[in-house]
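So the protein lines, in turn, are chains D and X. So for the first sequence, my numbering puts the first residue at 1315; every next one is plus one. So for the second sequence, my numbering puts the first residue at 29; every next one is plus one.
To be clear, the hints were calculated from the coordinates, so they are not data collected in a lab. Bear in mind the structure is a predicted one, so any value in this text is a computation, not a measurement. Mixed in with the good hints there might be a few duds.
[As the list claims (entries may be wrong)] Here are some, though not all, of the chain X residues that point toward chain D, as calculated from beta-carbon distances under 10 Å:
1. Arg103
2. Thr112
3. Pro113
4. Glu126
5. Ala148
6. Arg156
[Said to hold, decoys possible] Here are some chain D residues the structure puts well away from chain X; computed CB gaps all over 10 Å:
7. Leu1322
8. Met1372
9. Ala1391
10. Arg1402
11. Gly1404
12. Thr1428
13. Arg1432
14. Leu1449
15. Arg1450
16. Val1467
17. Ala1508
18. Leu1589
19. Pro1592
[To be verified] Quick list of simulated restraints, FRET-style, between CB atoms:
20. D:Leu1585 - X:Ser164: 35 to 45 Å
21. X:Ile85 - D:Ala1391: 31 to 41 Å
22. D:Glu1490 - X:Val241: 25 to 35 Å
23. D:Glu1405 - X:Gln220: 32 to 42 Å
24. X:Glu154 - D:Ile1318: 43 to 53 Å
25. D:Ala1391 - X:Phe45: 35 to 45 Å
26. X:Gln220 - D:Ile1478: 30 to 40 Å
Here a beta-carbon is modelled for each residue, glycine too, at the ideal position from N, C-alpha and C.
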Amino acid sequence: MDWINAVLQGVLLGGQYALLACGLSLIFGVMRIVNLAHGVLAVASAYLALWLVQQTGMPSFLTLVIVIPVLAAVGYAVQRGLFNPALRHGELSPLLVSFGLAVIGANLLQEIFTADSRKISIGTLSTASVELGGLRLGVFSLITLVVAVGVIVGLQLYLSHTRIGRAMRATKDDPEAATLMGIDERHMYALATAIAIGTVALAGVFLGMSTQFSPTYGDLVLIFAFEAVIIGGLGSLWGTLLGGLVLGVAQTVGAQIDPAYGVLAGHLVFLVVLLFRPQGLLPKAVVA
Amino acid sequence: MSTLLEVDAIDVAYGDFRALHGITVRVAEGETLAVIGANGAGKSTLLKTIAGLLRPIAGQIRLDGHNVSHTPAHRRVREGIALTPEGRRIFASLTVEENLKVGAHGRRPGPWNLQTVYDAFPLLAEKRTRRGAHLSGGEQQATAIGRALMSNPKLLLLDEVSLGLAPVVIADIYKALPTIAAKGTTVLVVEQDLTQALTVADRVQCLLEGRTVLEGAAADVTREQVQAAYFGIDEQEVG
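Only chain D is shown next, with the shape it has when bound in the complex (with noise of 0.2 Å):
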């Protein structure tokens, strides 16, 4: 029974990892960029939840209607005004002004909320749990997981049936066709980068609902989202919900052998698959 438990709490901790990991992985799906930045823009949104909740004394999920839309215009922001300049110099120089922006961005957190842990209350939610045959799932942990294979089906089918998605597609094929086709290059990137860092402003509100962060919580986000992608195969979305709950039950199921082992026993399954399925394990289902 213990083992029962401990795999499907891996389940419901793989929800969150998805839910983290899905916009390094559209990212990196449409433009091949590695977006090192991708941890601290999730924590600096718990942060502005956590700051929007004292100031205005609002509901924490209420913070995400704010959120959400601030962080998606300053993906288009970053994408516009730093990466695709970036791109113009190759593939490695969007990796760089990322690292740069993960830097800036976790001292200048620090600097504004000091370095001490924090968490969004979502008061008597963060305990309640419903009994399933004699094992308690947190209902949290549930609405998490949820919400994680909802973002992964919704950008599914946004990328697969609208204009704006087919248009992303086309671009990631081939960027000077598409621009042959009236796209404009440039914008449809800062589009797929908006889209990207709305889901992680969603998935760092969460994150801030269920655990302790402090300014450098990101560094462990991006391992975390970056096993996930791997584990799951790059660029392909259902990958990247597999890879999220692989790692999670790694976790639990580690820790259920002993209690140190637990994200240890995460990093060893990113390793074995790196080894033996470079490819990730769903490499066919491709964003496009």
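Start from chain D and add chain X according to the hints.
This is chain X only, laid out in the frame that chain D set:
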């Protein structure tokens, strides 16, 4: 007939290499012009410059009388210029139908939609759910032309339609050109295949090493004249 496209004495260079020297091209509305010439004559460069992928270092490009020389490529599509690029450049992970729909991204109104494109290229209708990566050369070319038509262009630029295709496939694709012209679309076609070029075009213009060496109504120029111009042989030598 009013002039739709005026390319006025443009120079285009790749770094130090000058690809076009003071080229002037005029295309009247509804006309089909074939630009011919050997490899490296500057034909593709000319089309890319008209489409906005390259910028001239001198000269001007006007569409319907107004200067588009500084308009970015994606906005020229909205003004009514569509290019079917060399090598087709089909979106590999998109299906035929998705490729066509992307062609309509700018939402210019006009006679072309999925149905009229499928009517013009019946082979595409059967392959509509197939991905670009899995198409034959002819199917890719038809998709590329259909995709350009979906933007309802005033001016359609076709680059090397016949390149790498079997003669029967080429004939099949060229069969659609009269339909396209009949819908009022002006066509500028670049070809190495003289026979095809002379059959479909109202006028021909022959380039050699970035300069115009021959220009005339397709009915008036002889094959010998064209061949001489094509290879840069003096008129006297041909005799």
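Going down the list of hints, with the structure as the test:
Given hint, Arg103 (chain X) at the interface with chain D, holds; its Cβ is 8 Å from that chain's nearest Cβ, closer than 10 Å. For Thr112 (chain X), the suggested interface contact is upheld, since its CB lies about 8 Å from the closest CB of chain D, less than 10 Å. Interface hint at Pro113 (chain X): satisfied, since its Cβ lies 6 Å from the closest Cβ of chain D, which is below the 10 Å cut-off. Of the supplied interface hints, the one on Glu126 (chain X) holds, with its beta-carbon coming within about 6 Å of a beta-carbon of chain D, less than 10 Å.
Evaluation of the Ala148 (chain X) hint against chain D yields a violated restraint, the C-beta minimum of about 18 Å exceeding 10 Å. Annotation: interface hint on Arg156 (chain X) violated; nearest CB of chain D at approximately 14 Å, more than 10 Å. The claim that Leu1322 (chain D) lies off the interface holds: its Cβ sits roughly 36 Å from the closest Cβ of chain X, which is beyond the 10 Å cut-off. The non-interface label for Met1372 (chain D) is consistent with chain X: the shortest C-beta to C-beta separation is roughly 39 Å, beyond 10 Å.
Residue placement check: Ala1391 (chain D) keeps its beta carbon more than 10 Å from all beta carbons of chain X (closest about 20 Å). Against chain X, the non-interface label of Arg1402 (chain D) holds: every CB pair exceeds 10 Å, the least being about 15 Å. Listed as outside the interface, Gly1404 (chain D) is consistent with that label: its C-beta sits roughly 19 Å from the nearest C-beta of chain X, beyond the 10 Å cut-off. Even its closest Cβ contact with chain X, about 46 Å, leaves Thr1428 (chain D) beyond 10 Å, as expected for a residue assigned away from the interface.
The beta carbon of Arg1432 (chain D) is kept farther than 10 Å from every beta carbon of chain X, the shortest such distance being approximately 43 Å. Listed as a non-interface residue, Leu1449 (chain D) keeps its Cβ farther than 10 Å from every Cβ of chain X; the least gap is roughly 42 Å. Distance check on Arg1450 (chain D): its Cβ is at least 44 Å (rounded) from any Cβ of chain X, clearing the 10 Å threshold; non-interface status holds. No beta-carbon of chain X comes within 10 Å of the beta-carbon of Val1467 (chain D); the shortest separation is about 19 Å.
At roughly 18 Å from the closest C-beta of chain X, the C-beta of Ala1508 (chain D) stays outside 10 Å, upholding its exclusion from the interface. The Cβ of Leu1589 (chain D) lies farther than 10 Å from every Cβ of chain X, with a closest approach of about 28 Å, so its non-interface assignment holds. Listed as outside the interface, Pro1592 (chain D) is consistent with that label: its C-beta sits roughly 21 Å from the nearest C-beta of chain X, beyond the 10 Å cut-off. The given range of 35 to 45 Å is respected by Leu1585 (chain D) and Ser164 (chain X), whose C-beta atoms sit roughly 43 Å from each other.
The given range of 31 to 41 Å is respected by Ile85 (chain X) and Ala1391 (chain D), whose C-beta atoms sit roughly 33 Å from each other. For Glu1490 (chain D) paired with Val241 (chain X), a C-beta distance near 30 Å keeps the hint of 25 to 35 Å intact. Distance hint for Glu1405 (chain D) and Gln220 (chain X): a CB-CB separation of about 35 Å, consistent with the stated range 32 to 42 Å. One distance hint, 43 to 53 Å for the beta-carbon pair Glu154 (chain X) and Ile1318 (chain D), holds here, with the actual separation near 51 Å.
For the hinted restraint 35 to 45 Å between Ala1391 (chain D) and Phe45 (chain X), the CB-CB distance of approximately 38 Å keeps it satisfied. The beta-carbon spacing between Gln220 (chain X) and Ile1478 (chain D), approximately 38 Å, falls within the hinted interval of 30 to 40 Å.
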